Amino acid sequence: MIYNKHNTTKQPIPNEPRASARAELRTHKNLQAPNGLVLRNMLFAIFLSSAFLCLLTPKTYAGGFDHAFQTAQQRAVKLYGLGAGQQVGYGTGIIASEDGYIVTVLSLIISGDRIRAVTANGQRFEAELIKRDTDQQLALLKLKWPDDADASTKNKPIGPLPHYDFSCQELPSESCHHPLLPGDWIVSAGNPFKIADGAEQMSLAHGVFSARTRLDARRRSKDFRYTGDVLLIDAITSNPGSPGSVMVNLQGELVGMIGRLVISNRTHTHLNYAIPYDVLADFYLQATQASPDGTRELITKPVVEPFDPGIRISHTGFRTVLPFVDRVVRNSPAKRAGLRKDDLILSVNDHEVSDVSEFDKRIKARDPAESIELIIRRKRSILTIHIEPPEAKTQP
Amino acid sequence: MTRFSRIDLSPLLLTLVVLYVCSTTSLFADTTVQPSSPLVHVPDVVLEAQRQRIQVVNRVTPSVVAIYNNEQRGGGSGVLIDENGFGLTNYHVVASMLGSRSGFGGLSDGQRYDLHVLGIDPIGDVAMFQLTGRDTFPLSPLGDSGQVRVGDTALALGNPFSLTEDENPSLTLGLVTGVHRYQWGVKGNLTYSDCIQIDAPINPGNSGGPLFNENGEVIGINGRISINTRGRFNVGFGYAITSNQIRRFMPLLRAGGLAQHGSFEATVQEDRQVVVIDEIRSAGPAYEAGLRRGDRIVAIGTTPITSSNHFVSLLGTYPGYWNLLIDFERNGRPGRTVVPLRPVAPHMQRAYFPDGQANGREVDRVIWAFRKAVGVKAAGTVATKYQWHACRTYDESMRSTWKTLDAYDAQATNEGALLLQEYDEEGQPARLMEVDAAEIQVLNHDGRRSQDIRSFERRVLSVLHLVYQRLFQSADSLNPMALYHDGANVGYRFDDGSESPVDMFFTDEFAATEIVSSEVEELISPLEKGAVVRLAFDTKTHELRRAVIWHDQAGTLGTMHFSNYQLVAGVRLPHTIHVRGQGYRFDDSMSDWKVLP
Chain G
0 MIYNKHNTTK QPIPNEPRAS ARAELRTHKN LQAPNGLVLR NMLFAIFLSS
50 AFLCLLTPKT YAGGFDHAFQ TAQQRAVKLY GLGAGQQVGY GTGIIASEDG
100 YIVTVLSLII SGDRIRAVTA NGQRFEAELI KRDTDQQLAL LKLKWPDDAD
150 ASTKNKPIGP LPHYDFSCQE LPSESCHHPL LPGDWIVSAG NPFKIADGAE
200 QMSLAHGVFS ARTRLDARRR SKDFRYTGDV LLIDAITSNP GSPGSVMVNL
250 QGELVGMIGR LVISNRTHTH LNYAIPYDVL ADFYLQATQA SPDGTRELIT
300 KPVVEPFDPG IRISHTGFRT VLPFVDRVVR NSPAKRAGLR KDDLILSVND
350 HEVSDVSEFD KRIKARDPAE SIELIIRRKR SILTIHIEPP EAKTQP
Chain U
0 MTRFSRIDLS PLLLTLVVLY VCSTTSLFAD TTVQPSSPLV HVPDVVLEAQ
50 RQRIQVVNRV TPSVVAIYNN EQRGGGSGVL IDENGFGLTN YHVVASMLGS
100 RSGFGGLSDG QRYDLHVLGI DPIGDVAMFQ LTGRDTFPLS PLGDSGQVRV
150 GDTALALGNP FSLTEDENPS LTLGLVTGVH RYQWGVKGNL TYSDCIQIDA
200 PINPGNSGGP LFNENGEVIG INGRISINTR GRFNVGFGYA ITSNQIRRFM
250 PLLRAGGLAQ HGSFEATVQE DRQVVVIDEI RSAGPAYEAG LRRGDRIVAI
300 GTTPITSSNH FVSLLGTYPG YWNLLIDFER NGRPGRTVVP LRPVAPHMQR
350 AYFPDGQANG REVDRVIWAF RKAVGVKAAG TVATKYQWHA CRTYDESMRS
400 TWKTLDAYDA QATNEGALLL QEYDEEGQPA RLMEVDAAEI QVLNHDGRRS
450 QDIRSFERRV LSVLHLVYQR LFQSADSLNP MALYHDGANV GYRFDDGSES
500 PVDMFFTDEF AATEIVSSEV EELISPLEKG AVVRLAFDTK THELRRAVIW
550 HDQAGTLGTM HFSNYQLVAG VRLPHTIHVR GQGYRFDDSM SDWKVLP
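As given, the protein sequences belong to chains G and U, one line each in that order. Numbering that gives the first Met the number 0 puts the first residue of the first sequence at 0, with every later residue one more than the last. Numbering that gives the first Met the number 0 puts the first residue of the second sequence at 0, with every later residue one more than the last.
These are computed hints drawn from the structure, not numbers from a lab. Treat the hints with caution; some may be incorrect.
Mimicking EDC-like on lysine to aspartate or glutamate, the simulated pairs with C-alpha atoms at most 16 Å apart in a straight line are [to be verified]: (1) G:K378 to G:D341; (2) G:K360 to G:D228; (3) G:K143 to G:D98; (4) G:K153 to U:E269; (5) G:K155 to G:E125; (6) G:K153 to U:D270.
Only a predicted model underlies this, so the values are computations on that prediction, with no experimental measurement involved.
With the rest of the complex left out, here is chain U (with noise of 0.2 Å):
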């Protein structure tokens, strides 16, 4: 029994000597102690976490920008993300600026810069500026505000109360203490939706700073606090503009444009928990997009609505002309679609000229990068003069009459003018159709939208050869202001490979429910008086992927979307175009490209 007993506890015992010999010998971790301060017993980790904060801090600093009026008077701060000097910080920052759009950025080298106001966002309170005076500028990366939780470490630097001497930012350091916050705005401006709140503490000047994560990420600028009866300081709930939203206006900030926030037209309501749709604008967008009252509203931009105010709050961190998708759900069964947003102008008390040089700065980036990728190598040389054979396919809803137009050619002259020939299905010339670039008719003569099939594909044709026209030829025959650089967009493709347009269908009827959306950026491009097309460019391929007419009360009146692009004679260009209007859609298959000299 004795015997046993020894046995089963040797072990054990054994056991207490090495841990106490660990002990002793400073094996475990906490029992390391500084030497120079033997009486505080502080935890290796802890020590590690300090001094991988300091790290980041240090890493973090360089890039945060002190900003000052053309006083040279302190207003805020903000956080530089481009080597190229390019930095975020608040509108209401550079509100006042606005005038000369300039001022000066003050870095942690102690040397003020020349600060340059690009574009505004006043109702997300975002704005993009460029410092000069260097070949590069140190940088922060933006990071995925989506992944950030509550009780997240967040570090604030800025310059509060415009303490710095040196140019140096300060930094507060506390929790991130909310997510998806919504704080209402002043006459719809500086409207913080989806933002994150956290108790590191915000000060008059930290407006426009970064919010790091424990990584040195930009997860957003901090620009407003909840004040009490106390003043206008912190009382420890402070409030950031997510670096996902940001990222959105981003393109259009840095072409010097003026933001516009989307609007749904339609209202939602709370029902048990369950978001549904209570009123909606017939000709809004949501209903076009085949949305009706009483639809429950599952997620947008795949992320699931746990109630109305956070469908109002997400929704407030999309530009005008987004093409949001909608999961939605209706009789129970789940459906999708995606509705183009209607842009909100931002109340403004003067007029807003965007920044001419900045936008043609990245409208020519963009081209460039169109022309360099369908293998334009210069301005000019290519033909604009094309034929090729186009099978066509229609809705099913699609009047019979026109079924008889399945294969004709085109030709596109030089001239701004667009002769169509059709021929029939015995291969014989059928008819002529000419269509002046010029006189692109978008409504009718009485303002209604035209039913015609016939204009509405003359008017596809059109926009298709003003898009070729204005894009292969050279730079120099371009009106300065034929082509305007307006932000962001998002595009979506199905999972199997195919660049369908999507229009709104039943998940449950479609194998593919699956959609790989991918970043375009927009160009607009005057058609007619309150028409204009947005040519949409991947941003990895910048391959044209999407043309849209849009008008402006009317919203979308057609929409092109190209694909499969392929080599003719040197030059890739799409071999399948789906049209969708209002009320018709066809998809053409374009084969046998001729480039007619």
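The shape of chain G in the complex, shown without the other chains (with noise of 0.2 Å):
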């Protein structure tokens, strides 16, 4: 997935009973071979073992922090763009293309006239939003340089753009697949506190990853929209400019983009976690496609963006809540639709839903063009509630 650099093989696991019986089966009719050739066999076996014994040697983890953060930061951008009060106006993004897509997180930041963009080596470009994805607190900028720009004048990348191939996603291939296992090292790069700037080397946060998970955090839609996996890991990254930072494992390989800060409005408690691979390489590559020349060009035609029928449901902290309308918003569709407050959702286009989670699945899982059929509880009487989308709206 890294690209333009050596992969670091996989140590095999040395004793694998299968194998071993076969070989030993193999090897027995070896023996029958003439005395001379068995010994020189012999030696030839011992050279090629102990040449295995060397690779297979366990390798110290010394310098592996430095090379995976080194990959990592290489492949990262500081960002520079609007901020306000808690809000800052730096940020962090992943490079996913020779050509200067960014992947990043959903903030202010990208909301401004101008955003600007700061690579490892400290070449300065100003930034383009190409696509937000509200849903998953994404967004996709592009790094924009005139066309008769030349990389001797600085204003073009000075040879290409490092970068993680999201598109190897796309093949059947098992080299795009990085799961971690709960005590897997996690390395991530970032700009928290924009504490570098220009060529200075960005921050190294270390730890462990410890799970794979959904969140409950969504209390309102406006406090958490994402409702995808996470990665919940014991690195502080909850930190200003931290959202957007890469994060890989030891081997450098991209596992996950440290997501938006989201701290509980009870404890006050700050979550560090990353927005896991495969939801960044989905997102990318929903936007873009494989052009000829090999690079990638965007998906020009218009995304038909779900609406937001604007019902709201509250999460109490519960595993399973009674999908129960906590609050419709002014205006929404489901307003004009007659939903009301204290609903009870009991099914979605025809499939029943029995909690939060379902309803929020079903919702999302929608053809996003086509209306919605509820068949909703209102006291005593059952309903059935058509919402019908509002006039299409074109992306961005």
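With the hints as a guide, bring both chains together as one complex.
This is how it looks when you write it as structure tokens:
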């Protein structure tokens, strides 16, 4: 998955019983060869096995963090843009292609007129917002340089831009999967607290991967809209500027991106988490397509964003919560369809929903352009409600 | 066909057998399972690394100090770096103790020792203290923070939240997560320049504690954290002052002084990743060292400069008066010069008085090392009257009228005055000059710098006389305030062995571009109002290397470099003196030294 980098070979497990048993059977035949041959083969075998032993001797981790961090920070950009109050005007992004696509988190930074990105070698570029995904809280940017830009005048990247290759996700390749196991080391490179500037190295954070899970943090839609999987980690990454940081394993392979700051309203605890690689890859690949010359080009057809019906349902902390409507957003499609507070949703588009998470899933999985049919219970009556989409909007 | 395939396959298969046997007989390191926990599969390298780490922690723990104030209340941490009990901590840890200069230091043996605060560096947030009460103290060596890389293991020890009951420090482990960081200070104080960033948790009480590398060497002093909106505790960003910065300030801190940081008196800006001088003060040290607006700064102190931030950050690690080697480029031509940095006094609430006792001790040490190096057995046993034959080479830019002064004898008298007998080219006595050492004029009456070569020369000789008077005479006759230890500095020397002072030059004109630097310690001695002479002694050879006349407002007025020490009547004396002043430069090669009765 890492572009332009020699792959680190995975160490084979030395005592795999099946392979060894097979080896035993075969060698039994071999022993019947003439004596001299056996001796010569034995010597050769000893040589080979000692060579293998050298390979299999576990490597030390010395320099492992350093190497992983260096590959990561070279494939990240420092982002600067709009900031206000607690929302700082700086962050981090992941370089996704040689022609300058940047995957980052949705934040105030990218909402301004001007977004600036600084690459690892200190080059500064303007960036433009290509796509935003409010559900996944992700954004796609692209670095800009003039058509007549020249690397020698430094308004164009000097040499190929180091990047992570998301497009291998399209191929049936094992190389794209970097499943983390709880306890695996993770290393992140980002620009928290704006400590680094220009060509200065980003900050490293390290820790272990704890779990891949979903968050129940969504109390109101405004608080935390992302409902997909997250990678929980024990590195302290919940700091201003960290969102968008590259997160890699010890081999330097991209495993995720540090997400937006999530703070508990009740305990003020900060959550340290990352958005998994596959979510990032899906987002990137939906927005771009491979072009014949090997680069990625933007999918220009208008993407219909699923409209927000305007139904707000609260999670009250339990695992299974009946999908009672907590609030209906004013002037929303649901309001126009006549949905009310305290309605209990029984089904979405003929699919029965028994709890909030199922409701969320059904709402998300629906055809974005189609209307939604809800069956609800209001007091003692069962009602059917059709929520019609508002006038179609195009991206971005 | 089958035969060939069998022959080809057999070694591989045998290999597999050997591998299988090896694996089942636990020849592989990572199949070795700890008997106590058969379910846990920990590779030997990991266990070995852990064992080594525990060893390192055990080794360094005795040198870690928990610092308490006079009321025995916890304040911070420190580390001992010398068996005589000298230790390092943060300035902000001892700032409240400066009134009494005393506190307590707890060691891992469970004892609290008396702590005496020595020198402080408020700008760099470093302070030195000394523990007393033991013959020898455990110590940890200072490492080379220049070798620290991002990703290195970082061990922080200290007393966070005053947790310890038995004075044993707490360990927090992490990685170096950034190097060459710059963190702004408050009113110029507590500025962390070119510091190490770590993710080992640093919390209140860790301040002043040591940051160790995995070999147990002190690579920094932890003292600062980045905080979020969550309050004053760790969010994964701690900063440590580098050992290499501290090393430059240590001799002064040991002498109980108040450290000043250096100023370049020029601003730089970044233009397409090239750092160029933007504005330069015409009377500042950078200008006087020959630098001009538009010059590109390539390296300072041999460290290549990558950005204007980097320049500012690196500059912050140097003390005032430091002779900073600058590599520059003008119109594509590489050049080199030395900028004596102008000192910047730290912002202090009240006056700081240097520790007189500690300073006197350091002055004595330097002077006696010098006397021993040049062969003086005891104070007062050396004559102070000399005669020598001087052969002078002028700088090309010198006025020709002074070329007649190419040979003279000088007589130094013991009465505080200097007699200079000049001879003309035929060797006939030409002129007798008398200079009163007490009336050495560095400025004219109108306050401007003297442009008269004769007065400058007299000044140089007077200073030389003063130096010898003060250095060779009995310690009793020394005015206690006449000499004051003012910390470390650096001297440069060409690689061909000649101890020429470095002037600005373009390296393409010089064959010898490599410069050897050597560490020196400086003593200062007052001359008249606002002017001092700074005497630099080599820390290795203990010889007097340099005397600089420094004026508060005007900066460096003149520099004398002494070299080529040779034996004269049992005493080693310099036989080459290079003199550089503002507008003057000459080199004296001195021969036929005579000691007069």
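Hints, one by one, checked against the model:
1. G:K378 to G:D341: The hint holds at about 9 Å.
2. G:K360 to G:D228: holds (13 Å)
3. G:K143 to G:D98: OK: K143 (chain G) and D98 (chain G) at ~9 Å, within 16 Å.
4. G:K153 to U:E269: holds (14 Å)
5. G:K155 to G:E125: Holds - the C-alpha atoms of E125 (chain G) and K155 (chain G) are around 11 Å apart, at most 16 Å.
6. G:K153 to U:D270: holds (11 Å)
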